[in-house]
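Turn these sequences into a full structure, and let the hints steer you where they fit.
Protein chains in written order, with the numbering used here: chain A, 1 to 113; chain B, 114 to 230.
No incorrect hints appear here.
Derived Cβ-Cβ restraints for the label pairs, each shown as a range:
#1 A:P9 x B:E172: 18 to 26 angstroms
#2 B:L181 x A:R58: 37 to 45 angstroms
#3 A:P113 x B:K154: 21 to 29 angstroms
#4 A:N56 x B:C126: 38 to 46 angstroms
#5 B:S128 x A:P39: 23 to 31 angstroms
#6 A:R58 x B:S131: 38 to 46 angstroms
#7 A:G57 x B:S118: 23 to 31 angstroms
#8 B:P153 x A:Q3: 21 to 29 angstroms
Simulated pairs of lysine-lysine, DSSO-like, Cα-Cα distance not exceeding 27 angstroms:
#9 A:K100 x B:K154
#10 B:K179 x A:K100
#11 B:K177 x A:K100
#12 B:K179 x B:K154
#13 A:K100 x B:K168
#14 B:K177 x B:K154
#15 B:K127 x B:K179
#16 A:K54 x A:K108
#17 B:K133 x B:K154
#18 B:K154 x A:K108
#19 B:K154 x B:K127
#20 B:K133 x A:K100
So the derived list for chain B, only partly shown, Cβ under 7 angstroms to chain A, looks like this:
#21 S156
#22 L157
#23 F204
#24 I219
#25 F221
#26 E223
#27 G224
In short, the hints are calculated from the structure, not lab data. We put the CB at the ideal spot given by N, CA and C, even for glycine.
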Amino acid sequence: GIQVEQSPPDLILQEGANSTLRCNFSDSVNNLQWFHQNPWGQLINLFYIPSGTKQNGRLSATTVATERYSLLYISSSQTTDSGVYFCAVLRQSNSGGYQKVTFGTGTKLQVIP
Amino acid sequence: GAVVSQHPSRVICKSGTSVKIECRSLDFQATTMFWYRQFPKQSLMLMATSNEGSKATYEQGVEKDKFLINHASLTLSTLTVTSAHPEDSSFYICSASRIGISGNTIYFGEGSWLTVV
Numbered sequence: 001g002i003q004v005e006q007s008p009p010d011l012i013l014q015e016g017a018n019s020t021l022r023c024n025f026s027d028s029v030n031n032l033q034w035f036h037q038n039p040w041g042q043l044i045n046l047f048y049i050p051s052g053t054k055q056n057g058r059l060s061a062t063t064v065a066t067e068r069y070s071l072l073y074i075s076s077s078q079t080t081d082s083g084v085y086f087c088a089v090l091r092q093s094n095s096g097g098y099q100k101v102t103f104g105t106g107t108k109l110q111v112i113p
Numbered sequence: 114g115a116v117v118s119q120h121p122s123r124v125i126c127k128s129g130t131s132v133k134i135e136c137r138s139l140d141f142q143a144t145t146m147f148w149y150r151q152f153p154k155q156s157l158m159l160m161a162t163s164n165e166g167s168k169a170t171y172e173q174g175v176e177k178d179k180f181l182i183n184h185a186s187l188t189l190s191t192l193t194v195t196s197a198h199p200e201d202s203s204f205y206i207c208s209a210s211r212i213g214i215s216g217n218t219i220y221f222g223e224g225s226w227l228t229v230v
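The following block contains the structure:
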């Protein structure tokens, strides 16, 4: 099956710093999403980004589908940004009826005051 | 926006008993829902795909008789962990796919922490 690797696996930032998280995938995909999992386990959808660049406040994401990677940028990080960030790729099922989701390995981010 | 609700958020059960987790799409119809399991400090692993009105499709290595999935309506899927054992303790999370103008978006439930004692 498709492999989805994220880097770095762990990241510690000083509050106010910027960071870039990377997601590499081994095959073509229909779509890609970025999620933030908070300390309580809840997954928050950040971006739905099959290609191109999107921005939402301090966060932005870029996907280059032809080169099979996506980047998540966090600027002016805050302690509330702490948690695990997952990318997930979506591929159409063989029957075409639904999309199958494969999660990346995750990046654990800790923002310290 | 679209919301997927999962219940219960936390459950503790005795070894040997069964526990049911519900996943509801609150403002859209989901013909397909997904169930994931997450062990501590690991990524989410897909357990099964739940299709409304038909049998679930299980991933390799997932015991279908142990993790019973029922997708009785377009807004409800349930996961029943049968004869639970301590090694079944984990974080279970569901998701549903919403078809929109720009494509399909996956929405996740809040997750359920299962502890088997």
